[in-house]
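Engineer: Numbering (UniProt numbering), first residue to last: 1 to 92.
Worth flagging that the hints you see were computed from the coordinates, not collected in a lab.
No residue lacks a Cβ here, since even glycine has one placed at the ideal position from N, Cα and C.
Check each hint, because a few of them may be wrong.
Said to hold, decoys possible - Dumping the calculated SDA-like pairs for lysine to any residue here, alpha-carbon to alpha-carbon at most 20 angstroms:
#1 K81 to E91
#2 K81 to L70
#3 K81 to R71
#4 K81 to T68
#5 K81 to A69
Said to hold, decoys possible - The following label-pair restraints were derived from C-beta to C-beta distances:
#6 A22 to E92: 26 to 32 angstroms
#7 L70 to L48: 35 to 41 angstroms
#8 R74 to S3: 37 to 43 angstroms
#9 D72 to Y49: 18 to 24 angstroms
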Amino acid sequence: MTSSSHVEIGHVAATVTNMHSATLTGEHAHAATHAAASLCSEAGHVLLYAPAALQQMIAEAIEVGYATALRDVRDGAFNDKLREWHPALFEE
Numbered sequence: 001m002t003s004s005s006h007v008e009i010g011h012v013a014a015t016v017t018n019m020h021s022a023t024l025t026g027e028h029a030h031a032a033t034h035a036a037a038s039l040c041s042e043a044g045h046v047l048l049y050a051p052a053a054l055q056q057m058i059a060e061a062i063e064v065g066y067a068t069a070l071r072d073v074r075d076g077a078f079n080d081k082l083r084e085w086h087p088a089l090f091e092e
């Protein structure tokens, strides 16, 4: 693995922040923030020793992914899978 420069890391962090600003704009923000906090806490003590900017970038990236997944579910992207994943929802 090669070492990344501070400039490259800065570009990645800016990209994640821009995606975060564009994605976490409403109904899924709270759930995404909660999920990211939960996942980060499960990472254990190692993440606590990472620089604060890196911790923030990781949390924001998780929030973007989670909010995007919730949006996709809301928009019906997985409707064909719901019956398979949660058959009890469709029992009468």
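Engineer: Are the hints correct? Go through all of them and say.
Structural biologist: Going through the hints against the structure:
For the hint pairing K81 with E91, the CA-to-CA distance comes to about 15 angstroms; that is within 20 angstroms, so the pair holds. A threshold of 20 angstroms between alpha carbons decides the hint, and for K81 with L70 the separation of about 14 angstroms falls inside it, so the pair holds. At roughly 15 angstroms between alpha-carbon atoms, K81 and R71 fall within 20 angstroms of each other, so this suggested pair holds. Restraint check for K81 and T68: the C-alpha separation of about 17 angstroms stays at or below 20 angstroms, so the hint holds.
Distance hint between K81 and A69 is fulfilled; the C-alpha atoms sit about 14 angstroms from each other, no more than 20 angstroms. Between A22 and E92 the beta carbons are some 40 angstroms apart, a value that contradicts the proposed interval 26 to 32 angstroms. Between L70 and L48 the beta carbon distance is about 27 angstroms. The supplied range of 35 to 41 angstroms is therefore violated. Checked against the hint of 37 to 43 angstroms, the C-beta distance between R74 and S3 comes to roughly 40 angstroms, which is consistent with it.
At about 34 angstroms, the CB distance of D72 to Y49 disagrees with the hint of 18 to 24 angstroms.
In the structure shown, a violation is registered for the earlier hints numbered 6, 7, 9, in ascending order.
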